[in-house]
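**Student:** Below, each chain spelled out in residue letters.
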Amino acid sequence: MALIRDLLIQGGQMLLLLVLAPLFTGFVRKMKARLQRRQGPPLIQPYRDLVRLSRKEVVLADQASWLFRTTPYLVFAATWVAASLIPTFRIDLLYSWSADLIAIIALLGSARFFIALAGLDVGTSFGGIGSSREAMIASLAEPAMIMVVFTLALIAGSTQLSNVAEFMASPQVGLRVSLGLALFGLVMVALAENGRVPIDNPATHLELTMVHEAMVLEYSGRHLALIELSAALKLLLYVSLLACIFLPWDIESAGASAPTLALGIFAYLGKLALGGFLLAVFETSIAKMRVFRVPEFLGAALMLGLLATLLRFVSASF
Amino acid sequence: MTLTVVLACAAALLVLAVLAVVIARFSGATRLVYGASMAMAAVSLAAATVHLLSAAAPESLALPLGVPWLGSHFRLDALSAFFLIVVDLGALSASLFALGYGEHEMTPQRVLPFYPAFLCGMTLVVLADDAFTFLFSWEFMSLSSWALVMSHHRALENVRAGYVYLVMATFGTLAMLLGFGLLAGPDGLYTFAQMRAAHPAAGLAALALLLALVGAGSKAGLVPLHAWLPLAHPAAPSHVSALMSGVMTKVAVYGFVRIAFELAGAPAWWWSIVVLAVGGITAVMGLLYALMQNDLKQLLAYSTLENVGIIFVGVGLALAFRAYDMPAAAALALTAALFHVFNHSLFKSLLFFGAGAVLTATGERNMEHLGGLIHRMPQTAFVVLVGCAAISALPPLNGFASEWLTFQAILLSPQLPSWGLKIVVPAVGALLALSAALAAACFIRAYGITFLGRPRSGAAQAATETDRFSLAAMILLSVACLIAGILPGLFIDALAPVNSALIGAHMPRQAGTQWLAIVPVAASRSSYDGLLVFLFMIISGSLAASAIHRLASDRLRRAPAWDCGYPDSSPATQYTAMSLAEPIRRVFGATLFRAEEIVEMPPPGDMRPAQLKVSMRDLIWDFLYVPIADAVDAAADRLNPLQFLTIRQFLSLVFGALVILLVVLALWP
Numbered sequence: 001m002a003l004i005r006d007l008l009i010q011g012g013q014m015l016l017l018l019v020l021a022p023l024f025t026g027f028v029r030k031m032k033a034r035l036q037r038r039q040g041p042p043l044i045q046p047y048r049d050l051v052r053l054s055r056k057e058v059v060l061a062d063q064a065s066w067l068f069r070t071t072p073y074l075v076f077a078a079t080w081v082a083a084s085l086i087p088t089f090r091i092d093l094l095y096s097w098s099a100d101l102i103a104i105i106a107l108l109g110s111a112r113f114f115i116a117l118a119g120l121d122v123g124t125s126f127g128g129i130g131s132s133r134e135a136m137i138a139s140l141a142e143p144a145m146i147m148v149v150f151t152l153a154l155i156a157g158s159t160q161l162s163n164v165a166e167f168m169a170s171p172q173v174g175l176r177v178s179l180g181l182a183l184f185g186l187v188m189v190a191l192a193e194n195g196r197v198p199i200d201n202p203a204t205h206l207e208l209t210m211v212h213e214a215m216v217l218e219y220s221g222r223h224l225a226l227i228e229l230s231a232a233l234k235l236l237l238y239v240s241l242l243a244c245i246f247l248p249w250d251i252e253s254a255g256a257s258a259p260t261l262a263l264g265i266f267a268y269l270g271k272l273a274l275g276g277f278l279l280a281v282f283e284t285s286i287a288k289m290r291v292f293r294v295p296e297f298l299g300a301a302l303m304l305g306l307l308a309t310l311l312r313f314v315s316a317s318f
Numbered sequence: 001m002t003l004t005v006v007l008a009c010a011a012a013l014l015v016l017a018v019l020a021v022v023i024a025r026f027s028g029a030t031r032l033v034y035g036a037s038m039a040m041a042a043v044s045l046a047a048a049t050v051h052l053l054s055a056a057a058p059e060s061l062a063l064p065l066g067v068p069w070l071g072s073h074f075r076l077d078a079l080s081a082f083f084l085i086v087v088d089l090g091a092l093s094a095s096l097f098a099l100g101y102g103e104h105e106m107t108p109q110r111v112l113p114f115y116p117a118f119l120c121g122m123t124l125v126v127l128a129d130d131a132f133t134f135l136f137s138w139e140f141m142s143l144s145s146w147a148l149v150m151s152h153h154r155a156l157e158n159v160r161a162g163y164v165y166l167v168m169a170t171f172g173t174l175a176m177l178l179g180f181g182l183l184a185g186p187d188g189l190y191t192f193a194q195m196r197a198a199h200p201a202a203g204l205a206a207l208a209l210l211l212a213l214v215g216a217g218s219k220a221g222l223v224p225l226h227a228w229l230p231l232a233h234p235a236a237p238s239h240v241s242a243l244m245s246g247v248m249t250k251v252a253v254y255g256f257v258r259i260a261f262e263l264a265g266a267p268a269w270w271w272s273i274v275v276l277a278v279g280g281i282t283a284v285m286g287l288l289y290a291l292m293q294n295d296l297k298q299l300l301a302y303s304t305l306e307n308v309g310i311i312f313v314g315v316g317l318a319l320a321f322r323a324y325d326m327p328a329a330a331a332l333a334l335t336a337a338l339f340h341v342f343n344h345s346l347f348k349s350l351l352f353f354g355a356g357a358v359l360t361a362t363g364e365r366n367m368e369h370l371g372g373l374i375h376r377m378p379q380t381a382f383v384v385l386v387g388c389a390a391i392s393a394l395p396p397l398n399g400f401a402s403e404w405l406t407f408q409a410i411l412l413s414p415q416l417p418s419w420g421l422k423i424v425v426p427a428v429g430a431l432l433a434l435s436a437a438l439a440a441a442c443f444i445r446a447y448g449i450t451f452l453g454r455p456r457s458g459a460a461q462a463a464t465e466t467d468r469f470s471l472a473a474m475i476l477l478s479v480a481c482l483i484a485g486i487l488p489g490l491f492i493d494a495l496a497p498v499n500s501a502l503i504g505a506h507m508p509r510q511a512g513t514q515w516l517a518i519v520p521v522a523a524s525r526s527s528y529d530g531l532l533v534f535l536f537m538i539i540s541g542s543l544a545a546s547a548i549h550r551l552a553s554d555r556l557r558r559a560p561a562w563d564c565g566y567p568d569s570s571p572a573t574q575y576t577a578m579s580l581a582e583p584i585r586r587v588f589g590a591t592l593f594r595a596e597e598i599v600e601m602p603p604p605g606d607m608r609p610a611q612l613k614v615s616m617r618d619l620i621w622d623f624l625y626v627p628i629a630d631a632v633d634a635a636a637d638r639l640n641p642l643q644f645l646t647i648r649q650f651l652s653l654v655f656g657a658l659v660i661l662l663v664v665l666a667l668w669p
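Note that the protein sequences, when read in sequence, are chains A and B.
Take 1 as the starting number for the first sequence in my numbering and just add one per residue.
Take 1 as the starting number for the second sequence in my numbering and just add one per residue.
Hints may contain errors.
To be verified - Calculated cross-link-like contacts (lysine to any residue; reagent style SDA-like; alpha-carbon spacing at most 20 angstroms):
#1 A:56 with B:555
#2 A:32 with A:197
#3 A:56 with B:547
#4 A:56 with B:548
#5 A:56 with B:551
#6 B:613 with B:578
#7 A:288 with A:194
#8 B:422 with A:33
#9 B:422 with A:157
#10 A:288 with A:69
#11 A:56 with B:517
#12 A:56 with B:557
#13 A:56 with B:545
#14 B:422 with A:316
What the hints assert, rightly or not - Per label pair, the in silico range of CB-to-CB distance:
#15 A:253 with B:623: 54 to 60 angstroms
#16 B:327 with A:253: 31 to 37 angstroms
#17 B:619 with A:250: 39 to 45 angstroms
#18 B:565 with A:172: 57 to 63 angstroms
#19 A:36 with B:490: 54 to 60 angstroms
#20 B:565 with A:253: 53 to 59 angstroms
Stated by the list, open to error - If you want the footprint, here are the derived chain B segments under chain A, 3+ residues with CB under 8 angstroms:
#21 192-199
#22 365-377
#23 410-424
#24 521-535
#25 573-585
The hints are simulated quantities; they were obtained by calculation from the structure and are not laboratory data.
These figures come from a predicted structure and were not determined experimentally.
Idealized CB from N, CA, C, for every residue including glycine.
Put together the whole structure using the sequences plus the hints.
**Tutor:** As structure tokens, this is what we get:
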């Protein structure tokens with residue numbers, strides 16, 4: 001009985017993420033529009049986009065190989081699995097032990113690996129420019145992320161996200177210098193990984209500075225729908241990650257009753273709203289930077305992570 | 001018994017090598033030599049696997065060969081058995097690959113005799129149980145591989161590669177020789193059993209360990225002793241490149257582990273700092289070099305440096321934990337290193353086979369002339385993709401499993417009391433994280449330019465799928481990569497006897513865990529389940545596919561590429577290997593390689609083409625090797641007149657030298 005309940009909760013979380021992801025993207029867009037005193041598209045516009053895309057026919061480039069056609073599914077699978085391992089409203093999900101934070105990052109790395117290959121598959125210059133820049137950004141963002149993970153793991157004594165979230169909610173945490181550095185590092189990495197301003201602009205096409213959109217330029221129809229959904233899931237993943245580490249309140253533990261779980265879900269939605277609002281404010285108040293300023297930005301994130309880890313190595317009290 | 005079987009296989013390989021000299025010119029010789037090598041490797045592999053899995057007691061054997069008062073000692077213990085598995089698995093797949101690939105060899109008589117000899121040399125190194133046999137086999141391995149590097153000796157760059165290799169191999173063996181000399185001590189205790197029993201003084205042991213690091217490190221390709229490796233490995237035929245990169249570097253790791261953990265006695269904590277720092281730097285430098293290469297095989301050779309670096313980081317951590325008497329953590333670190341040894345031998349061999357298949361199909365090693373091979377060599381493209389994903393440490397494949405274990409070992413190291421290590425280990429962790437990310441970039445580039453896009457030359461346009469033997473070898477290895485990735489627990493358990501023998505502890509048994517997950521320390525700390533991750537990915541991928549199939553439109557139309565409305569029919573407008581690495585070259589290369597870009601843009605109206613010139617320097621070569629070579633040249637010039645002395649002058653020179661030596665000996669405290 002308990003197993004079935006756990007299985008339902010695990011499945012429910014996976015579905016919740018899938019349903020929430022486009023809504024969250026729509027929410028951020030709406031917020032940004034309101035901050036710019038525009039009306040903005042309705043909240044459900046991303047769902048409409050997905051439906052419209054999946055109804056359209058796929059226009060496949062002549063040179064596209066099987067890798068190009070399977071990549072959307074692979075990217076979606078890796079992103080969805082990674083996202084469903086993040087504790088959102090309840091820790092200790094049925095399968096949360098099967099991959100820790102390092103594995104989650106590596107799963108996102110798999111998604112990126114294949115999408116960058118897909119950018120090169122058709123053999124166009126736009127795809128190449130996207131893949132080339134994505135590789136450069138990832139080569140700095142991933143180590144920065146790993147260093148942040150090291151810091152968190154050393155503070156909580158575990159790389160298992162459920163345990164980290166549980167530890168963060170407990171009173172033993174206190175205010176720590178290393179935790180602050182890790183927060184900054186993680187936010188910077190999250191901006192870069194999701195192609196947000198100031199690294200990349202998610203709202204543009206046809207701009208020589210674009211990264212993510214350039215890689216997926218040749219995709220259309222249902223393939224593009226999957227890619228867009230994966231991108232939305234990834235954004236949601238990072239916001240959930242930040243929430244479960246730095247706002248670890250009201251994430252219910254195993255064996256919580258139905259009303260407390262409902263509370264957990266409401267708390268989660270509240271955290272998402274806060275995250276989306278902050279992201280919109282940040283993106284509105286800052287300009288996009290030149291591509292070759294990005295290494296400096298991410299280098300700073302890497303140094304923050306390294307510094308935080310070093311502090312933890314030097315003394316357990318930082 | 002097992003040892004006898006394995007030695008008999010080695011002897012049979014030696015006989016085969018002699019036989020190959022005679023029969024190499026006949027047709028069918030290729031099949032015979034590679035088939036027989038494969039059979040020997042299979043027998044030896046089975047014997048070693050049984051020995052390791054049954055955790056059998058070590059077996060020893062002394063043969064009355066070699067130096068009269070010493071004889072040749074051989075021993076098969078858990079460590080030897082594990083490395084024997086790596087050697088034999090590599091040999092098995094390389095021989096299978098060569099059954100097809102070897103048919104294209106123009107001069108089989110330059111390859112066939114040395115190939116079994118090379119295999120025999122590697123087998124004997126891991127079995128040797130005295131310094132003489134070890135060094136003899138080590139040299140035998142070096143020289144036979146040198147002969148294979150020189151098999152296409154008409155190409156000028158191969159001659160240079162062979163020369164540099166010979167010099168560096170001699171240097172490395174000299175360091176090993178001195179190291180063993182120090183461990184043997186004044187009484188000449190040359191067997192490993194005697195060395196184990198003796199407890200060398202701390203200073204002596206440290207010196208011997210450093211010499212072993214130099215000797216084994218030069219063979220394994222540790223920066224800055226790596227200079228020969230990216231020249232020599234690509235110069236050999238591809239199956240030999242696979243063996244050199246995937247297996248011979250591991251034999252070097254074996255030599256270092258054997259000396260550091262068994263023969264050199266109790267470790268001092270600072271040994272590990274040297275090993276860790278060198279390993280971390282090698283990992284990152286290897287990949288940055290690889291990212292700058294356009295030659296597919298050279299790129300793979302440089303990426304070997306990265307993996308050797310990761311292995312040495314694991315070994316260094318194990319040394320550090322052992323020095324502070326933390327056996328459980330040491331076992332974790334050593335398991336991570338040895339598991340990566342196994343994994344790297346799988347995917348590096350696979351990738352070199354892929355490069356060999358591409359070379360056979362197109363005659364090209366330069367990526368700038370390749371492209372679009374996924375359409376013309378679909379099966380090769382698929383298995384090479386598995387190899388690229390594995391080496392980029394992507395879950396659920398094996399490269400990730402061993403890298404994950406290494407990260408877990410790093411996360412245990414704040415418990416180390418030494419301040420030096422507290423500073424070095426996080427830095428090495430950052431280097432390792434950087435190398436993991438750069439590996440993905442490097443193999444996106446290698447695979448994307450070689451197999452994807454549009455063909456960049458006629459040769460790439462006309463490529464055809466490779467033969468079935470080559471494919472079988474690659475499929476074998478890619479399946480092994482997947483199995484090691486989703487069931488890492490089995491391999492960790494198999495490594496338990498090795499750890500028990502070297503450290504006196506092993507990782508907790510993984511066989512009983514839920515869903516075959518791996519739990520390095522405790523479930524509350526960390527766990528990873530490759531099998532479940534793999535299953536989840538398959539399930540969610542197929543869920544998505546079936547949902548799309550049911551709900552979405554399945555119409556599909558082929559059309560020219562969109563490319564923002566400006567598609568260009570010329571393949572030259574695609575991204576190239578050089579341009580793909582340009583952002584990374586700008587970020588890392590400006591300081592490390594002094595990379596400079598000069599743009600020549602003719603003024604409007606001028607019909608000359610615009611040009612972009614990129615210049616890079618190998619600073620290690622320019623500032624380390626060139627001065628040493630110059631110094632040796634200058635010294636040789638100075639000593640040259642000694643050749644032209646009269647007999648009287650020679651005799652007085654000898655007399656003078658004798659007197660000086662005797663005086664030194666008399667004054668020695």
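**Student:** Hints first: check each against the structure and report whether it holds.
**Tutor:** Results for each hint:
1. Simply put, residue 56 (chain A) and residue 555 (chain B) have alpha-carbon atoms about 8 angstroms apart, close enough for the 20 angstroms limit, and the pair holds.
2. Under the criterion of a C-alpha separation no larger than 20 angstroms, the hint pairing residue 32 (chain A) with residue 197 (chain A) is consistent with the structure, at around 12 angstroms.
3. For the given pair, residue 56 (chain A) sits about 15 angstroms from residue 547 (chain B) by alpha-carbon distance, which is consistent with the 20 angstroms threshold.
4. Note on residue 56 (chain A) and residue 548 (chain B): the hinted pairing holds, with a Cα-Cα distance of about 12 angstroms set against a maximum of 20 angstroms.
5. Proposed proximity of residue 56 (chain A) and residue 551 (chain B) is supported: the alpha carbons are some 12 angstroms apart, at most 20 angstroms.
6. Using a Cα cut-off of 20 angstroms, the hinted pair residue 613 (chain B) and residue 578 (chain B) holds, with the two alpha carbons roughly 11 angstroms apart.
7. Between residue 288 (chain A) and residue 194 (chain A) the CA atoms are separated by roughly 14 angstroms; this keeps the pair inside 20 angstroms, and the hint holds.
8. Of the supplied pair hints, the one linking residue 422 (chain B) and residue 33 (chain A) is violated, its CA atoms being roughly 49 angstroms apart against a limit of 20 angstroms.
9. For the suggested pair residue 422 (chain B) and residue 157 (chain A), the alpha carbons sit about 17 angstroms apart, so the restraint of at most 20 angstroms is met.
10. Taking the CA atoms of residue 288 (chain A) and residue 69 (chain A), the gap is about 32 angstroms. The hint is violated against a cut of 20 angstroms.
11. Taking the CA atoms of residue 56 (chain A) and residue 517 (chain B), the gap is near 42 angstroms; set against the 20 angstroms cutoff, the hint is violated.
12. For the suggested pair residue 56 (chain A) and residue 557 (chain B), the alpha carbons sit about 11 angstroms apart, so the restraint of at most 20 angstroms is met.
13. A threshold of 20 angstroms between alpha carbons decides the hint, and for residue 56 (chain A) with residue 545 (chain B) the separation of about 16 angstroms falls inside it, so the pair holds.
14. Among the hinted pairs, residue 422 (chain B) with residue 316 (chain A) is consistent with the structure: their alpha-carbon atoms are about 12 angstroms apart, no more than 20 angstroms.
15. Between residue 253 (chain A) and residue 623 (chain B) the beta carbon distance is about 59 angstroms. The supplied range of 54 to 60 angstroms therefore holds.
16. Separated by about 35 angstroms at the C-beta atoms, residue 327 (chain B) and residue 253 (chain A) satisfy the suggested range of 31 to 37 angstroms.
17. Under the hint 39 to 45 angstroms, the C-beta atoms of residue 619 (chain B) and residue 250 (chain A), about 55 angstroms apart, miss the expected range.
18. Roughly 58 angstroms separates the CB atoms of residue 565 (chain B) and residue 172 (chain A), a value that falls within the hinted 57 to 63 angstroms.
19. Evaluation of the 54 to 60 angstroms hint for residue 36 (chain A) and residue 490 (chain B) yields a pass: the beta carbon distance comes to about 57 angstroms.
20. Against the hinted window of 53 to 59 angstroms, the Cβ-Cβ separation of residue 565 (chain B) and residue 253 (chain A) comes to about 55 angstroms, which satisfies the hint.
21. Evaluation of the coverage hint for the region 192-199 of chain B: breached, as 0 residues show C-beta separations to chain A shorter than 8 angstroms, against a requirement of three.
22. Counting residues of the region 365-377 of chain B whose beta-carbon sits less than 8 angstroms from any beta-carbon of chain A gives 4, enough to reach three: the coverage restraint holds.
23. Counting residues of the region 410-424 of chain B whose beta-carbon sits less than 8 angstroms from any beta-carbon of chain A gives 6, enough to reach three: the coverage restraint holds.
24. Coverage of the region 521-535 of chain B by chain A holds. Counting CB-CB distances below 8 angstroms, 9 residues qualify, and the rule asks for three or more.
25. With a threshold of 8 angstroms between beta carbons, the proposed coverage of the region 573-585 of chain B by chain A holds, since 9 of its residues qualify and at least three are required.
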